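Enquirer: Going line by line, the protein sequences match chains W and X.
In terms of numbering that gives the first Met the number 0, the first sequence opens at residue 0 and continues consecutively.
In terms of numbering that gives the first Met the number 0, the second sequence opens at residue 0 and continues consecutively.
Because the hints were derived from the structure by calculation, they are not lab data.
Certain hints may be false.
[Claimed, not checked] Across the chosen pairs, the derived CB separations fall in these ranges:
1) W/E128 x X/G15: 22 to 32 Å
2) X/A30 x W/A61: 44 to 54 Å
3) W/S15 x X/R21: 40 to 50 Å
4) W/D142 x X/E70: 12 to 22 Å
5) W/A144 x X/A30: 31 to 41 Å
6) W/A144 x X/R34: 24 to 34 Å
7) X/E18 x W/V132: 19 to 29 Å
8) W/G130 x X/T16: 35 to 45 Å
9) W/G102 x X/G38: 20 to 30 Å
10) W/N39 x X/G38: 18 to 28 Å
Since the model is a prediction, treat every value here as computed from it, not as a measurement.
From the three backbone atoms N, C-alpha and C, an ideal C-beta is built for every residue, glycine too.
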Amino acid sequence: MLAIGPAPLALEPLVSAVAADSDGVDGAIVTFLGLARNHNQGRRVRYLEYEAYTPLALKTFARIAVEARERWPGVRVALHHRTGRVNIGEASVAIVTASPHRGDAYSSCRYVIERVKQIAPVWKREYFEGGDVWIEGATADPDDATAREHAERIACA
Amino acid sequence: MRVTVRLFARLRDITGTAEMPREVSTGATIATVWRDLAGEFPGLSAYERSMSSALNEDYVRMDAEVHDGDEIAFLPPVSGG
């Protein structure tokens, strides 16, 4: 249920995988797709290219799923991230969370994407009209408790 | 001893290579390897405070000791999602 690679993303297999583990206890499944959009900081974006440190990315996804379960007991997480070229309108990341309660499913889904942005060893290069640039966001530090609390706050807002 | 250094995204662009073997002395730490590398590729210095490091596919602090055959990775600020 945790993967990273060049294949196009689809929600349905993730939903099925999460649902298959349910044993009937789930009350909600929440899905999230992150898309490549055609504008960023005043630039007209043509496409994105993602690079990852794959083995560490998978370990980090597993860690994020554990964190989500610690905060929202009973939640299960599926997470796929894409690498390589992602065209405008295509999904770069897909997240599915399942829980007995809809509130926990929504919150944990938001938490997972915030943590991916904070600590997953994945980088996007933006190709825009006139050039290209590596986007650099957060300094990845999984043990930074402040960042984790920040993600929890956003998730529960 | 010999270790392998892996570089990603902008750090790879700066050095022009994704993976390189490096000779390091016994007792070397991640910080030692980074300083050595930044000496050779001055463009890396700007990342001194913002990059993360990994040892054998796990995040580590800069004071972690490295051993023969280790894989070390230096990671610029991440931008997944």
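Enquirer: Could you run down the list of hints and mark each one as holding or not?
Expert: Taking the hints in turn, this is what the structure says about them:
1. W/E128 x X/G15: 22 to 32 Å: Given a distance of about 27 Å, which is inside 22 to 32 Å, the answer is holds.
2. X/A30 x W/A61: 44 to 54 Å: This hint is violated: roughly 27 Å between Cβ atoms.
3. W/S15 x X/R21: 40 to 50 Å: About 45 Å separates the Cβ atoms of W/S15 and X/R21, which means 40 to 50 Å holds.
4. W/D142 x X/E70: 12 to 22 Å: holds (20 Å)
5. W/A144 x X/A30: 31 to 41 Å: violated (23 Å)
6. W/A144 x X/R34: 24 to 34 Å: Holds, since W/A144 and X/R34 (Cβ atoms, about 28 Å apart) stay within the stated range.
7. X/E18 x W/V132: 19 to 29 Å: holds (23 Å)
8. W/G130 x X/T16: 35 to 45 Å: violated (23 Å)
9. W/G102 x X/G38: 20 to 30 Å: violated (53 Å)
10. W/N39 x X/G38: 18 to 28 Å: The hint (18 to 28 Å, Cβ to Cβ) is violated, given that W/N39 and X/G38 are roughly 35 Å apart.
The structure is inconsistent with the numbered hints 2, 5, 8, 9 and 10, although it conforms to all the rest.
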